[in-house]
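> Sequence:
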Amino acid sequence: MRAADLVLHSPTGRRLALWTGLGAAALALTSLAAFSKDHALMINASPSLPYWAIWLDRGALPQRGEIILFDPPASPLLERHFGKKPKPFGKKVSGMPGDVVIEKDRSFFVNGRKVAVAKRASRFGEPLALGPTGVVPQGCYFVSTAHKDGFDSRYAAIGWICAKRILGVGRPIL
Numbered sequence: 652m653r654a655a656d657l658v659l660h661s662p663t664g665r666r667l668a669l670w671t672g673l674g675a676a677a678l679a680l681t682s683l684a685a686f687s688k689d690h691a692l693m694i695n696a697s698p699s700l701p702y703w704a705i706w707l708d709r710g711a712l713p714q715r716g717e718i719i720l721f722d723p724p725a726s727p728l729l730e731r732h733f734g735k736k737p738k739p740f741g742k743k744v745s746g747m748p749g750d751v752v753i754e755k756d757r758s759f760f761v762n763g764r765k766v767a768v769a770k771r772a773s774r775f776g777e778p779l780a781l782g783p784t785g786v787v788p789q790g791c792y793f794v795s796t797a798h799k800d801g802f803d804s805r806y807a808a809i810g811w812i813c814a815k816r817i818l819g820v821g822r823p824i825l
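Position one of the sequence shown corresponds to residue 652 (the working numbering), numbered consecutively onward.
Hint data in this document are derived by calculation from the structure and do not stem from the laboratory.
The beta-carbon is built from N, C-alpha and C at its ideal position, and this holds for glycine as well.
Restraint-style ranges between C-beta atoms, simulated for each label pair:
#	residue 1	residue 2	range
1	L825	A797	15 to 21 Å
2	A780	K688	35 to 41 Å
3	G734	P662	57 to 63 Å
4	H798	G763	17 to 23 Å
5	I753	E777	23 to 29 Å
6	K688	K770	34 to 40 Å
7	K799	P748	26 to 32 Å
8	D689	K738	17 to 23 Å
9	E730	K799	18 to 24 Å
10	V751	E730	27 to 33 Å
11	P727	D689	33 to 39 Å
12	G776	L692	31 to 37 Å
Each computed DSSO-like pair below joins lysine-lysine, with the alpha-carbon atoms no more than 30 Å apart:
#	residue 1	residue 2
13	K815	K770
14	K688	K815
15	K735	K770
16	K815	K735
17	K799	K735
18	K738	K815
19	K799	K815
20	K736	K815
21	K799	K765
22	K736	K688
23	K770	K738
24	K736	K799
25	K770	K736
26	K765	K815
27	K738	K799
28	K688	K735
29	K755	K765
Given only the sequences and the hints, what does the whole structure look like? Please build it.
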């Protein structure tokens, strides 16, 4: 009989194998818990982004062109369209702190580059007030999508997206 067979066939050997397995499982669960504090898989139900699965990296600082996931601000308009507790929104960062946002004829420009066109009314016919313009404040972002029905910073109900609302940076995976 080999030494390994003797260890696994003795009561002490089986206990040692059990404790080793339990220790490895505990270590794996601890690592997974720490990983899940900083990451999540998000499913996109909106047509405003072309991805249906987005990997969330909490704590990454957004850069221009990246997707950020954020909690939308509370408003009667958002509640009518998305319910009392809307799911997180995902939009692309078009404007960074210090960038200049202007609006002309319902078109929004960031540093002179057109990023979005605002509709006059929602799908329910409600008037849509225009979003903020001027210098993007520190810690805030102007977010948008190319989708004509995207609900983002081009509208006052969303506005600047500032640090306290940001869940993290999204990386499209599917």
